[in-house]
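There are 2 protein chains.
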Amino acid sequence: MYLPEEDRKLIEVCYTPAQFELYKESFDIVVVVDVLRATSAMTTAMHFGVEKIIPVATIEEAKEYQAQGFIVGAERDGAVVEGFDFGNSPYVYIERDMQGKTVVMTTTNGTKAIHLASTANTVVIGCLNNLQVLCDWLIKQHKNTLVLASGWKDKVNLEDTICGGAIAKILINSGKFIAKEDSTVAAKFLFESAEQNLWKFLRASSHRKRLAHLKIQKDVIYCLKLNTVPCIPILKDGALVKLNE
Amino acid sequence: MYLPEEDRKLIEVCYTPAQFELYKESFDIVVVVDVLRATSAMTTAMHFGVEKIIPVATIEEAKEYQAQGFIVGAERDGAVVEGFDFGNSPYVYIERDMQGKTVVMTTTNGTKAIHLASTANTVVIGCLNNLQVLCDWLIKQHKNTLVLASGWKDKVNLEDTICGGAIAKILINSGKFIAKEDSTVAAKFLFESAEQNLWKFLRASSHRKRLAHLKIQKDVIYCLKLNTVPCIPILKDGALVKLNE
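For the record, the sequence lines run as chains A and B. Going by numbering that gives the first Met the number 0, the first sequence opens with residue 0, and the numbers climb by one from there. Going by numbering that gives the first Met the number 0, the second sequence opens with residue 0, and the numbers climb by one from there.
Since the hints were derived computationally from the structure, they do not count as laboratory data. Hints are not guaranteed to be accurate.
Chain copies aren't distinguished; within one or between two, either way the pair holds.
What the hints assert, rightly or not - In the DSSO-like style, the derived pairs of lysine-lysine whose C-alpha atoms are separated by at most 30 Å in a straight line are:
(1) K199 / K100
(2) K208 / K139
(3) K179 / K208
(4) K199 / K214
(5) K8 / K208
(6) K217 / K8
(7) K179 / K62
(8) K208 / K100
Given the structure is predicted, the values throughout are model-derived calculations rather than measurements.
Pulled out of the complex, with its shape left as it was, chain A reads as follows (with noise of 0.2 Å):
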């Protein structure tokens, strides 16, 4: 059933942190993305038990915290940091015992996103992973919403764009939103160009090419599966907490 146009909410895609100035005035929620790898860890450090995610935006502040005795994860260009045990890969959390802990993250572009948007009323993080179950939660709540695509260093990436797309088609078909710029547009299209077969049509993408050397294929599989991770985290405080409700 769709709503009178006046009374839809808005959902918009924004491809990179750099314009996401452009966009933020209007928005209750930022649905914060980094598909590879860093909001897909997220999710799935939450869903296997990990209490809470301070997300940092520099090595240094990473480095602190790791002098405090907290477990860190810290990624720079698709690599663990030198002086760090892991980065951001999702497996992390399924292969290690992390229940109830507080683990700290600094991603290349995912937690600088975070930062950025922190300024939102509401900041979730979104993933391939755990679309459905984000996009029911967005389609209760009703509010104007913006995915903010973390993109690759300030430039455009192809899997947060899709995901984007993802998210818009969703909450459009829901009757309840509705999507006024040309970036929702592209990125809702380029979601359905791909939906059938996300793994081929990535391997186009400058982010899987450069990040081909590190050997993550196994973690790229796994972030692009769609509805595998039913869990959303929010950012409470400045750090990422499981939402309950």
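Got chain A sorted already, so can you dock chain B onto it with the hints?
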């Protein structure tokens, strides 16, 4: 015949003037695109005999030229600016005889993008109307080429992205160019989705809706036609002239 990868030149698409800074370094040729309607109008104007187009960024500059007796077109937000007798409709140059004239032009997005691009070695004007002739010339030059989409007020727009995708597709298919950015890969996918029916595809475009009240449907139909105007405007000493080979 495909060249070995290391001999291919870059073809990339930058979605908005705001992102130009991130891309510009590696490129010899910048193609400025503003399909609806500035670059379509410029191409048409040159083809129908206008000798020179002086693109200016502000209304103030446009007024100064007007006071000096120049023919001046000025458009903001899709409409003709008060005090000027035309805006950026390509039909102006078909319907009026401007053979041998110099025209001054200012538009919401297109002329600003030209000014931004003017630091590049070579700046040419692209649109769907001159697609193939432009691509043939670009392939012959065989230099690193960036399409700068004018967008809409620093945000992405669908029609310029698609035009960028069309240029990228033709250059890549020549075997002499390669794309490494996801923005280019996505633009090419969008063009391939849209190719069969641009008009239908662009129904969803925010720009179309934005301009709907202006009754410029005739202009839009004109601007979305491929390969109707075999002419390439090129920037020389701050003004556009017809590229003669």
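Each hint tested on the structure:
no., hint, in the structure
1, K199 / K100, "neither (36 Å within a copy, 52 Å between copies)"
2, K208 / K139, "between (38 Å within a copy, 28 Å between copies)"
3, K179 / K208, "between (32 Å within a copy, 9 Å between copies)"
4, K199 / K214, "within (17 Å within a copy, 42 Å between copies)"
5, K8 / K208, "between (37 Å within a copy, 18 Å between copies)"
6, K217 / K8, "neither (37 Å within a copy, 32 Å between copies)"
7, K179 / K62, "neither (42 Å within a copy, 34 Å between copies)"
8, K208 / K100, "neither (34 Å within a copy, 50 Å between copies)"
Hint violations for this structure: numbers 1, 6, 7 and 8, all remaining hints satisfied.
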